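Novice: Chain by chain, the residues:
Protein chains: 2
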Amino acid sequence: MAKPLEGLKVIDLTTALSGPFCTMMLADYGADVIKIEAPAGDQSRHWAPVHKASGESEYFAVFNRNKRDVCINLKDPEGVALFYDLVKEADILVENYRGGVTKKLSIDYESVKAVNPSIIYASLTGFGQTGPYAQHPCYDIVAQAMSGLMMLSGYPGQEPIKACPSIIDQVSGIYMMNGILLALHHRERTGEGQFVDVAMLDSAFSLMENYPSLVSMGHDAPERSGNRDASISPFDAFPCKDGYVVISAGTEKLWKAFCQTAGLEELLDDPRYADNQSRTDHYLSSLKEQITNWCMQRTKTEIETLLEDAGVPSSAVLTISESVRHPQILARDMVQKTEHPLIGEFETTGCVVKLSETPGEIKTPAPLLGQDNREILGLSEEEEQRLIEKGVLGKR
Amino acid sequence: MAKPLEGLKVIDLTTALSGPFCTMMLADYGADVIKIEAPAGDQSRHWAPVHKASGESEYFAVFNRNKRDVCINLKDPEGVALFYDLVKEADILVENYRGGVTKKLSIDYESVKAVNPSIIYASLTGFGQTGPYAQHPCYDIVAQAMSGLMMLSGYPGQEPIKACPSIIDQVSGIYMMNGILLALHHRERTGEGQFVDVAMLDSAFSLMENYPSLVSMGHDAPERSGNRDASISPFDAFPCKDGYVVISAGTEKLWKAFCQTAGLEELLDDPRYADNQSRTDHYLSSLKEQITNWCMQRTKTEIETLLEDAGVPSSAVLTISESVRHPQILARDMVQKTEHPLIGEFETTGCVVKLSETPGEIKTPAPLLGQDNREILGLSEEEEQRLIEKGVLGKR
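As they're listed, the protein sequences go chains A and B. Mind the numbering: the first sequence is residues 0 to 395 in numbering that gives the first Met the number 0, read in order. Mind the numbering: the second sequence is residues 0 to 395 in numbering that gives the first Met the number 0, read in order.
The set of hints was computed from the structure by calculation and includes no laboratory data. Just so it is clear, the structure is predicted and the values come from calculations on it, not from any experiment. Treat the hints with caution; some may be incorrect.
Which copy is meant is left open, so a pair is good if it fits within one copy or across any two.
Computed list of lysine-lysine pairs in DSS-like fashion (alpha-carbon distance at most 27 Å, straight line) [claimed, not checked]:
| id | residue 1 | residue 2 |
| --- | --- | --- |
| 1 | LYS102 | LYS252 |
| 2 | LYS252 | LYS103 |
| 3 | LYS74 | LYS252 |
| 4 | LYS87 | LYS74 |
| 5 | LYS103 | LYS394 |
| 6 | LYS255 | LYS103 |
Work out the full structure: start from the sequences and follow the hints.
Specialist: Below, the structure written as C-alpha cells:
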C-alpha cells in the first residue's frame with residue numbers, strides 16, 4: 000500500500016530518544032529519513048543493552064528502524080559541504096542539539112534556509128529556542144519535575160514519583176511530528192518553509208490537564224493523591240492475592256454492577272455509599288478498605304474475569320512481560336518481530352496510528368553506522384575510502 | 000498570521016478529554032471545528048469544577064476553546080439529517096464514542112463515506128476498532144495499568160503508581176492529530192479519504208521506550224526502581240530542606256562539576272565512585288545517602304542556583320502552582336490569559352508546537368451549548384426555536 004509521506008526527504012541530525020522517536024515515525028509512514036551521524040555515532044549507539052557478539056546497541060536498534068544512514072564529520076569543512084549537498088534536496092530537517100550548537104556548527108536555520116528556502120527546520124530541545132533556559136541542558140526527569148507532573152504522582156506525605164520510562168522524551172517527539180506535518184501542510188499550499196520549535200518542558204506541562212487553570216479560577220491547587228481519583232469513587236488501584244488491579248466504577252450503574260458482581264450487595268444499602276459524593280467522602284475512611292479486603296481474597300485473573308463480564312472497567316496492573324503478551328496488544332500489531340543483520344530477530348513496538356489506506360510499516364532494521372554513505376552521497380568505493388581516511392566520513 | 004489548517008472543516012463528535020484535546024489543537028492551528036453535542040451536552044460539561052454563578056463547567060472551558068458549537072439530537076431522524084448536511088461539507092470527522100456506538104446511531108464510517116467519500120474519519124477509543132477488547136470501556140488508569148506504565152513507576156516493594164493527571168487521554172489525542180494530518184497529506188495528493196484508528200492502550204504502550212524489546216533480546220524485564228535511573232548515577236530525586244529536587248549528573252564531566260560545586264570533592268577520590276558503573280553499583284548502599292544528606296542541609300532554591308551555575312541538569316520538584324509561574328513556562332507562552340463570557344478571565348495552557356510562520360493561537364473561548372446553531376445550520380430564529388421545541392436541537 001502507498002505510504003502518506005512517500006517522496007519526502009528528511010535530514011535527521013537527532014540523537015538519543017526524543018528526536019529519533021520522531022524521525023522513526025516519519026520513516027514508518029514512508030518518508031526517506033537520512034540519519035546523519037558524527038563519526039562517534041548517535042550517543043545511544045553506546046547505550047545498554049549492547050549485543051555481545053557484535054557490540055551493536057540494542058537500544059539504538061529499537062528507535063532507528065526504516066532509516067538510512069550516512070556518517071559525516073560536521074566539524075570538518077568538507078563534511079559540512081557534503082551536508083549542504085544533502086540539504087539542497089531535503090524537505091525537512093530535524094535536530095535535537097542543545098540550544099546554540101547548530102549555530103557553532105554553521106548548520107542553524109538561517110544558514111540552511113539560505114541554501115534551501117522552503118525547508119522545514121525542526122528543533123526539538125529540552126526548553127525550546129526562547130526564554131531564559133533556552134541554552135540549558137535537560138533530561139526527561141528534569142522536565143517531569145519542572146512541569147508539575149512529578150509532584151502530582153505518588154502518595155501524599157511520600158516522595159513524588161516520576162513516570163517511568165522517559166515518557167516526556169517520547170511525547171515531545173510525537174508533538175514534533177505534529178509540528179512537522181502542520182508545517183508541511185502549509186508548505187504544500189504556499190511553498191513556504193518554516194522553523195518548528197518544540198520543547199520537552201512545554202510538552203510535559205501540556206499534559207497537566209486542567210490543573211494549570213485551577214488557581215486562576217479560584218480553586219486550590221491539586222495535590223498528589225496516589226492512584227485514586229480525587230472526585231470519583233471507587234476509582235483506584237488495589238492490592239490482590241498475586242499483584243495489583245485497577246477498578247474504575249465511576250458511575251451509579253457501574254457501582255451497582257461492581258457490588259452485585261463482587262457479592263458486596265450490602266454496600267448498596269450503606270448510606271455512606273449512597274452516591275458518588277458520599278462514596279468519595281467515605282472512601283479513605285472505609286470504602287477503600289472494604290474493596291481491598293475483597294481483592295485480597297482473589298487473584299488478578301479472577302477479579303479481571305468477574306469485572307469484565309460485568310462491564311466494569313478494570314485491569315490487572317501488568318508487568319511489561321505481561322503487556323507484550325496481552326491479547327489486545329497483540330491483536331493491534333503493537334508487538335512485531337523484526338530482524339537486525341547483527342543482533343538477529345527481536346520484538347519491537349508497532350505503529351500507534353492505524354490508517355486504513357496508508358498504514359505505517361516496519362520495513363528495514365536500524366542502519367549500521369555509515370552503511371549508506373556511498374548510495375546517499377553518490378561515491379565510489381575508492382572515494383568513500385579516501386574520505387574516511389581523511390576523517391570526513393565514518394563507517395562501522 | 001496565517002494558520003496552517005485554515006479552510007478545513009472538522010466535525011467534532013468527541014466528549015470528555017482525549018478527543019476534545021485533539022480537536023482543540025486542530026482549532027488552535029486554524030481548522031473550523033464544529034462541535035456537535037447531544038442535548039445533554041459533552042459529559043465534561045458536568046465535570047467539576049463548576050462555575051458557581053453560571054453553572055458552566057470550568058473543566059469543559061479548558062479543552063474546547065476556538066471551537067464553534069451546534070447541539071443536535073442524533074437519536075432523532077431529523078437530527079441525523081442535519082448532521083449529514085454538515086458531513087457533506089466536512090474534511091474531517093473526529094469521534095471518541097465507545098466501540099459500536101456510531102453504528103447504532105448510523106453515523107459510522109461506512110455511512111458517512113457514502114455521503115462524503117473523501118472524508119477523513121478519525122476514531123479515538125480506549126482499545127481501538129479491532130481485537131477482543133474493541134468494545135470494552137476504558138479509562139486512563141486502565142490504559143496505564145494494562146500497558147506496563149503503572150507497574151514501572153514507583154518504588155520496588157511498594158504500590159505501583161499511575162502518572163497523574165490523565166496523561167494517556169492527552170497523549171492519544173496528540174497521536175490522533177498525527178493520524179489526521181498524515182491522512183490529510185495523503186488526501187491532498189490523491190483526493191482519497193480514509194479511516195484513522197487510534198487507541199489509548201496502544202498510545203500508552205508505545206511510551207514504554209525499549210522495554211517491550213528487552214525480553215526478546217534475552218534480558219530480564221525491567222522492574223520499577225523509584226525515581227533513580229537504573230544505569231546512570233547520580234540521577235534521582237532527593238528530599239531537601241523544603242521539598243524535593245532532581246539531580247542528573249549523568250556523565251563524568253557532570254559528576255565532577257556536581258562534586259566540586261557541592262563541596263563534595265572527597266567523593267571524587269572515593270574508589271566506590273570512580274566511574275558510572277561503580278557509582279551505580281554503590282548508589283543504593285552509600286552514594287544516595289551522601290547526596291541526600293547534602294540536599295537536606297539546603298533549600299530547593301539554593302540547590303537549583305548552585306547546580307544551574309555549574310551546568311548540572313537539575314530542578315526543584317515543582318507544584319503546579321509553582322510551574323505556572325516558572326520563568327521558562329511563562330517565556331514560552333505556555334500560560335495564557337483567556338476570557339470566557341460567563342466564567343470570566345482565567346489562565347489556560349498555550350500551544351506546544353511553535354511554528355515561526357503559522358503559529359497556533361487562542362482566539363475564542365469554549366462555546367456555550369448550541370450557541371452557533373443558527374449560523375452553522377443556516378436557520379432563522381423561528382426555525383431554530385421550532386426545532387428546539389421538537390427536541391431536534393438543544394441550546395443553553
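Novice: Now look at each hint and say whether the structure bears it out.
Specialist: Now for the hints, and whether the structure bears them out:
Taking the shortest Cα distances, LYS102 and LYS252 sit within 27 Å of each other only across copies (23 Å), while inside one copy they are farther apart (60 Å). In this homomeric assembly, LYS252 and LYS103 come within 27 Å of each other (Cα to Cα) only across copies, at 21 Å, whereas the closest approach inside a single copy is 62 Å. Proximity of LYS74 to LYS252 under the C-alpha cut-off of 27 Å is restricted to the inter-copy arrangement: shortest distance 22 Å between copies versus 65 Å within a copy. Proximity of LYS87 and LYS74 under a CA criterion of 27 Å is satisfied intra-copy only: 19 Å inside one chain copy versus 56 Å between copies.
When the C-alpha separation of LYS103 and LYS394 is checked against a cutoff of 27 Å, the pair qualifies only within one copy, where the shortest distance is 24 Å, while the shortest distance between copies is 58 Å. When the C-alpha separation of LYS255 and LYS103 is checked against a cutoff of 27 Å, the pair qualifies only between copies, where the shortest distance is 25 Å, while the shortest distance within a copy is 65 Å.
When held up to the earlier numbered hints, the structure conflicts with none and fits them all.
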